[in-house]
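With the sequences and hints as input, model every part of the structure.
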Amino acid sequence: EAGVVQSPRYKIIEKKQPVAFWCNPISGHNTLYWYLQNLGQGPELLIRYENEEAVDDSQLPKDRFSAERLKGVDSTLKIQPAELGDSAVYLCASSLTGRTEAFFGQGTRLTVV
Amino acid sequence: AQSVTQPDIHITVSEGASLELRCNYSYGATPYLFWYVQSPGQGLQLLLKYFSGDTLVQGIKGFEAEFKRSQSSFNLRKPSVHWSDAAEYFCAVASGWDFGNEKLTFGTGTRLTIIP
Numbered sequence: 077e078a079g080v081v082q083s084p085r086y087k088i089i090e091k092k093q094p095v096a097f098w099c100n101p102i103s104g105h106n107t108l109y110w111y112l113q114n115l116g117q118g119p120e121l122l123i124r125y126e127n128e129e130a131v132d133d134s135q136l137p138k139d140r141f142s143a144e145r146l147k148g149v150d151s152t153l154k155i156q157p158a159e160l161g162d163s164a165v166y167l168c169a170s171s172l173t174g175r176t177e178a179f180f181g182q183g184t185r186l187t188v189v
Numbered sequence: 265a266q267s268v269t270q271p272d273i274h275i276t277v278s279e280g281a282s283l284e285l286r287c288n289y290s291y292g293a294t295p296y297l298f299w300y301v302q303s304p305g306q307g308l309q310l311l312l313k314y315f316s317g318d319t320l321v322q323g324i325k326g327f328e329a330e331f332k333r334s335q336s337s338f339n340l341r342k343p344s345v346h347w348s349d350a351a352e353y354f355c356a357v358a359s360g361w362d363f364g365n366e367k368l369t370f371g372t373g374t375r376l377t378i379i380p
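As you go down the protein sequences, you meet chains R and W in turn. Per my numbering: the first sequence = residues 77 to 189. Per my numbering: the second sequence = residues 265 to 380.
Since the hints were derived computationally from the structure, they do not count as laboratory data.
Listed below are the simulated SDA-like cross-link pairs for lysine to any residue, each with C-alpha atoms no more than 25 Å apart in a straight line:
id, chain 1, residue 1, chain 2, residue 2
1, W, K367, R, N127
2, W, K367, R, L146
3, W, K367, R, D162
4, R, K138, W, K367
5, R, K138, R, I88
6, W, K367, R, G79
7, W, K367, R, R175
8, R, K147, R, D133
9, W, K367, R, I102
This is the structure in structure tokens:
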């Protein structure tokens with residue numbers, strides 16, 4: 077069974093440019109999470125979806141970050157415009173429900189220059 | 265608000281030696297506790313979790329952890345480490361496990377180095 081797939085693995089962009097990350101969760105998983113992991117830190121939740129609905133986006137900086145999960149499957153996370161401080165690893169995870177084990181993708185490492 | 269403290273940023277252990285990684289949590293109710301491992305360039309993998317019941321939980325790769333409510337701790341142990349155990353280890357607590365309330369709060373991690 078395929079795991080959580082994220083792309084791209086690495087991205088380098090100039091500040092003020094837009095960037096998008098894509099996540100394909102494990103088939104059948106209804107819950108999808110986006111986490112931000114700064115260097116030397118643990119992951120921090122940005123947004124959590126139950127099917128198509130964003131049920132927890134309290135930590136998402138909505139002035140520049142947006143996310144969507146069309147049809148309750150794949151998800152994209154966008155930053156526009158990117159800032160130097162956005163350099164980090166963006167992790168996607170999925171689980172069958174909000175009560176079951178979350179499986180993580182390999183992450184997208186973003187470098188803003 | 266819940267929080268997790270991993271007091272050791274970096275630990276070095278000889279191959280074959282025993283290991284204990286410390287984790288302390290702060291949460292008012294019954295916590296749901298987890299240990300994840302992250303190898304370089306990889307996502308996080310769940311090692312074990314504690315929801316209720318037996319306070320000593322067994323996980324994958326020969327790891328175990330013990331929940332001690334009186335000490336607010338959930339330390340991870342392994343009797344004999346292998347070179348492949350070198351990675352970053354994260355302790356996490358969930359605020360609840362009801363629909364709409366599940367949220368993992370991670371510690372800052374402990375980097376484990378194994379020397380021959």
